[in-house]
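Colleague: In case you want the letters, here they are:
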Amino acid sequence: MSMNDAGRRSAIGQAAGVRRPLAVRRIRAVLEAMLFAANRACMLLLVCAFALPFAWMLSTSLKTLPETMIFPPEWIPAEPVWSNYAVAWNSGPFLTYLLNSFIVSVGILILQMLTIIPAAYAFARFRFPGKGLLFGLVMATLMIPAQLIFLPVYLMLSDWKLLNTHLALILPFASSAFGIFLLRQSFMQTAEELIEAARLDNAPEWKIMLRIMAPLARPVLVTFALFSFITHWNDYFWPLVMTTNESARTLPLGIAKIRETEGTATWNVLMAANVMLAVPVLLAFFAAQRQIIRAFVYSGVK
Amino acid sequence: MARIELIDVVKRFKGETVIPNLNLTIREGSFTVLVGPSGCGKSTTLRMIAGLERQTSGDIRIDGELVNDTEPGKRDVAMVFQNYALYPNMTVRGNIEFGLKNRGVPKRERERLIRDICEIAGLTPYLDKKPQSLSGGQRQRVALARAMVKNPKVFILDEPLSNLDAKLRGQMRTELIELHKRLGTTFVYVTHDQVEAMSMGDRIVVMNKGEVMQAAPPMVLYEDPDNLFTAQFIGTPPMNVLPASRLPGLRTEGEGHAEFVGFRPEHALLSPETAELTREGLVIAGQIATRESLGAEQVYKLRCEAGSFFVKSFLNPYVGGDFALAVVPFERLYFFDRDGNRLRRLRAVRPQLAAAGV
Numbered sequence: 001m002s003m004n005d006a007g008r009r010s011a012i013g014q015a016a017g018v019r020r021p022l023a024v025r026r027i028r029a030v031l032e033a034m035l036f037a038a039n040r041a042c043m044l045l046l047v048c049a050f051a052l053p054f055a056w057m058l059s060t061s062l063k064t065l066p067e068t069m070i071f072p073p074e075w076i077p078a079e080p081v082w083s084n085y086a087v088a089w090n091s092g093p094f095l096t097y098l099l100n101s102f103i104v105s106v107g108i109l110i111l112q113m114l115t116i117i118p119a120a121y122a123f124a125r126f127r128f129p130g131k132g133l134l135f136g137l138v139m140a141t142l143m144i145p146a147q148l149i150f151l152p153v154y155l156m157l158s159d160w161k162l163l164n165t166h167l168a169l170i171l172p173f174a175s176s177a178f179g180i181f182l183l184r185q186s187f188m189q190t191a192e193e194l195i196e197a198a199r200l201d202n203a204p205e206w207k208i209m210l211r212i213m214a215p216l217a218r219p220v221l222v223t224f225a226l227f228s229f230i231t232h233w234n235d236y237f238w239p240l241v242m243t244t245n246e247s248a249r250t251l252p253l254g255i256a257k258i259r260e261t262e263g264t265a266t267w268n269v270l271m272a273a274n275v276m277l278a279v280p281v282l283l284a285f286f287a288a289q290r291q292i293i294r295a296f297v298y299s300g301v302k
Numbered sequence: 001m002a003r004i005e006l007i008d009v010v011k012r013f014k015g016e017t018v019i020p021n022l023n024l025t026i027r028e029g030s031f032t033v034l035v036g037p038s039g040c041g042k043s044t045t046l047r048m049i050a051g052l053e054r055q056t057s058g059d060i061r062i063d064g065e066l067v068n069d070t071e072p073g074k075r076d077v078a079m080v081f082q083n084y085a086l087y088p089n090m091t092v093r094g095n096i097e098f099g100l101k102n103r104g105v106p107k108r109e110r111e112r113l114i115r116d117i118c119e120i121a122g123l124t125p126y127l128d129k130k131p132q133s134l135s136g137g138q139r140q141r142v143a144l145a146r147a148m149v150k151n152p153k154v155f156i157l158d159e160p161l162s163n164l165d166a167k168l169r170g171q172m173r174t175e176l177i178e179l180h181k182r183l184g185t186t187f188v189y190v191t192h193d194q195v196e197a198m199s200m201g202d203r204i205v206v207m208n209k210g211e212v213m214q215a216a217p218p219m220v221l222y223e224d225p226d227n228l229f230t231a232q233f234i235g236t237p238p239m240n241v242l243p244a245s246r247l248p249g250l251r252t253e254g255e256g257h258a259e260f261v262g263f264r265p266e267h268a269l270l271s272p273e274t275a276e277l278t279r280e281g282l283v284i285a286g287q288i289a290t291r292e293s294l295g296a297e298q299v300y301k302l303r304c305e306a307g308s309f310f311v312k313s314f315l316n317p318y319v320g321g322d323f324a325l326a327v328v329p330f331e332r333l334y335f336f337d338r339d340g341n342r343l344r345r346l347r348a349v350r351p352q353l354a355a356a357g358v
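Just so you know, the sequences run in chain order L and X. Just so we're aligned, residue 1 is where the first sequence starts under UniProt numbering, counting upward by one. Just so we're aligned, residue 1 is where the second sequence starts under UniProt numbering, counting upward by one.
Extracted from the complex, chain X is given alone in its bound form (with noise of 0.2 Å):
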């Protein structure tokens, strides 16, 4: 178990700028996914902390200790690659045991180790076997197997789940989960799968052009997001953003102008254009465009004039034709400067009489 921090971190590539400065301190013992889109530094952070890439500037401390020179197998941090990275040449045995051997862990004790471990992971039949006469999901026990092997104080994955097929995947996002409940080490793992990382992490990194966006427990992430990237990037589909000067029944009070408006699809309700509204709030006129089932749930994209958003529901589907009111409670709307930083002192508030014409 180790907290892990990055202090200052800047990293360059051939004069450009990856990470411009990153300061991140991983918890001691928590699931932390840093999640973001492809090239936000997500697997740069990850390789810097497992000391494969060195940092330009800047520090990195594991478990308060720092580590900048320290070579990657010193730094008691295990590693499992997205293509699980199993030495071909070698057995399951061999390849668990290799880095028991390299660190001169006595014969005796080495066997005990990979009998428990296999014993763990399901492998026993399999030590023998060269990883080419593996399925997909055993390749991936034994890369697990032999980061667990070597006790580390910090688990490091990156994307171990996406050479898996849909329903393995969600299998062994389960058994990742026990396993760091399980174990209490430090897990930081890396995916450009939103719902893997809200489905996994205890807490969540949203990365984006090297920087931190937003770092906190998933349900903060989707219900409090900071900012506009974090609000879109979470969440399917994503949060629905309109211009707030295109919304003719929104008024708001309070600190900021509010040059963007966010909702949940599913906080929306939609309503049959001449039905009696029974709730207050933004009310959205729009036509649907498509209708997604998805059995529990149906989604409709509306377009509308301020541009188009999707209403997720729940309840049976929507019969009213092909124009509905889509009605979102004040306290679910979500405000955004021009730089697309939440505006927290901004709330929505019931039009006048006279506006309220709709």
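Only chain L is shown next, with the shape it has when bound in the complex (with noise of 0.2 Å):
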């Protein structure tokens, strides 16, 4: 008897345990999809916190003035005045400040590729003394802001008599801190044996790093070129500094001078000058995209 009841308490036990985990599966499933719209929600407002702006800057690129005062704003104009973009190119050097934005853009990009990709190598690659120490001295640029430096630079590019030439533009940023690290980061992951196989096949050091390493870490290379070309077109401060007429300033001082010169700020004006100021970025954006996701993908999954 006492058998019997051992052995229907156990079954009844089996049958709770397999009903718990249906229970238990069921409340999952609801939490699993609250979670899922949570987590769109979030998503969502993020793009609207980036779309929104633009979206803004778009609309009133294309507004009269008396519009873009009205309260409540309108979103849509009235008639789309595409002339504020003429407005906007003829108001100053504009073809001037384009060249020169990509001349600098263009040449830092061009210095950077050529001095990270050494020097992440030999970081990455060789064991040397003082290695720790000058790693260390390179990440620590990264927490040295322009506005702390750009005197001592301002003062020795004025003797080197540099001011208001594209190299005083160029040169401060021939190397990056950040692009070493994260170029060091993605050759360090490269396996030995590929660098092995090529020393086999009677490869010299700079060959391996050009041929082998660096198209292997491509993803992270137009990442990196990116966020260079951004920060640069971008850049305000450090052109603002080192230049004082329009032979070698950019697109950004451009455009704050028609903020500057028109006794009212026209926005619409303004606004035009900035979306064509954004065209370019945006172009090196699509063109690089699928490349940046690959590089955040490939370091997520290893």
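Derived from the structure by calculation, the hints contain no laboratory data. Values in this document were obtained by computation on a predicted structure and should not be read as measured data. Glycine included, each C-beta is placed from N, C-alpha and C at the ideal position. Check the hints yourself; a few may be wrong.
DEER-style ranges, computed between Cβ atoms [what the hints assert, rightly or not]:
(1) Thr174(X) with Phe126(L): 38 to 44 Å
(2) Gln171(X) with Ala51(L): 41 to 47 Å
(3) Ala146(L) with Gly137(X): 38 to 44 Å
(4) Lys207(L) with Ser308(X): 57 to 63 Å
(5) Arg28(L) with Gly137(X): 39 to 45 Å
Not close to chain L: a few residues of chain X, all C-beta gaps over 12 Å, as computed [what the hints assert, rightly or not]:
(6) Glu5
(7) Ile7
(8) Pro72
(9) Phe81
(10) Glu97
(11) Asp116
(12) Leu269
(13) Pro317
(14) Pro329
(15) Arg347
Both chains are given apart, each in its own frame, so use the hints to dock them into the complex.
Modeller: Have a look at this one:
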């Protein structure tokens, strides 16, 4: 009898044991659905935070000046005023600004690629005395803001008679601690066997770096290139400090000037100029989009 | 074709001695397999020959030439890596061509070589594909083609089959043996799998803790091991080893004192306890613990007073019950001293009648 009881009890226990996970599963499913919704809501909020100002800029650039002042604001102008763009373009030597911006941003990019690839390669692959200290120094420069060093750099460039030239805007950014760090991580993840195989293939060190390692780090390189391009394309502070006339000034300065020169702020023209400023960056982003996603997915998986 | 000599080679990693003192000659044109448990120094040895690792002291000669200070790319050595190490950013053609380009082989010559090698390796349809889109076996072939195209003096293979599934592994094994026959180049092959070693090598170097335990052709290794380690490393299941003092029916004569007695599982014959013994040899009574049937053969695990041991039989399954007598012919017994060294001058004799009351 007692054995029978024990058997029944264990059977009940088993049934409960089956039922409980079911209930838990249902609760979990509801929770997961809620989490998913919350997740999407957060994402939507983020998208709005980034997209709304952009849309506002676009909308304003097509308004008349009185329309920009209406309260409550209106999203869609009664009739798009395309001439704002022409006004913005003609308000200063915009072609020069544009050219300067290109020369500076691309110049910086090229120099950075030339310096960060070998530096990151050396930090990732070689053992040499003082490596830790040197890398520490490189990292430390990440913590120093431009505002802190612009004065000595200004004086130095002034001594070299480089103020008001493109070089004054390019040379201080010829290398990038961030880029070295990012690329070093990527180089360190590359399988050692690949390098050994290349060594057995009689490849010199520079060839291993350029033909094997750099192509493998392509997503990282593209991502960094985009960050660098956007940063220096939009940079306002440094060109403002290092230039005093139009010859080397870049787009952000030109746009700021629109605001300064007109008595009242012509927001519509200013926004038209801003759109023109943003277009090349957007184009660059779309071109590099896939590589960027890959760079982050890669590091996520590894 | 080249002979490789390692003379008094020592390797230390950060104060830890991996290879205390290695003297090894790899004959020219041989298919030499370095085999041993992981951490025995076989891969280190291989990497030192390739030049990827530098020995702490000692000399390495390839084809008589001292290569201590020669860069890996200049040693005329080609290597196939365990994970193939194909350049992922290059096509199959690019992978094969890279080494040739670095050697300054002219374009037309390169194209001819690549065409020939891909014909042999069956890679022609994949020349413009990236390694990621190839199967494991195809990648393996690319790795081989990349090595072969350089026409090296020495071929080095570091566990090249361990990433393949069992069926493909068997197939590649045969292909590698054929390749060695056709090229006639010296092959140095590292594996931890003794079956792979036995089936491929014409000379096997058994290593343990950085030392060569025995270097010999496969069958010599199997039938005439120098020591306990080799005896127990080669063979599936490995050689049975029992303490001599706990085998009452054993009488020996000759030089030395046997601490351990060994015999191959297939040399023991099972008989029912009650049966008349028709063969002469060492008799061990035991209880059958497990039976494994592999189709052509049966493997029994027996437990006796001295320990447990395996018996392999190619005959019909044993039906005599749970107890059995294992009979091992005297000439099939191996004796080892306390340090595991083989005692070749010792042999077993028939026990005197008084003691043979089994």
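Colleague: Look at each hint and say if it fits the structure.
Modeller: So, going through the hints one by one against the coordinates:
no., hint, verdict
1, Thr174(X) with Phe126(L): 38 to 44 Å, "43 Å, holds"
2, Gln171(X) with Ala51(L): 41 to 47 Å, "57 Å, violated"
3, Ala146(L) with Gly137(X): 38 to 44 Å, "56 Å, violated"
4, Lys207(L) with Ser308(X): 57 to 63 Å, "58 Å, holds"
5, Arg28(L) with Gly137(X): 39 to 45 Å, "43 Å, holds"
6, Glu5, "20 Å, holds"
7, Ile7, "23 Å, holds"
8, Pro72, "5 Å, violated"
9, Phe81, "5 Å, violated"
10, Glu97, "10 Å, violated"
11, Asp116, "19 Å, holds"
12, Leu269, "49 Å, holds"
13, Pro317, "40 Å, holds"
14, Pro329, "49 Å, holds"
15, Arg347, "50 Å, holds"
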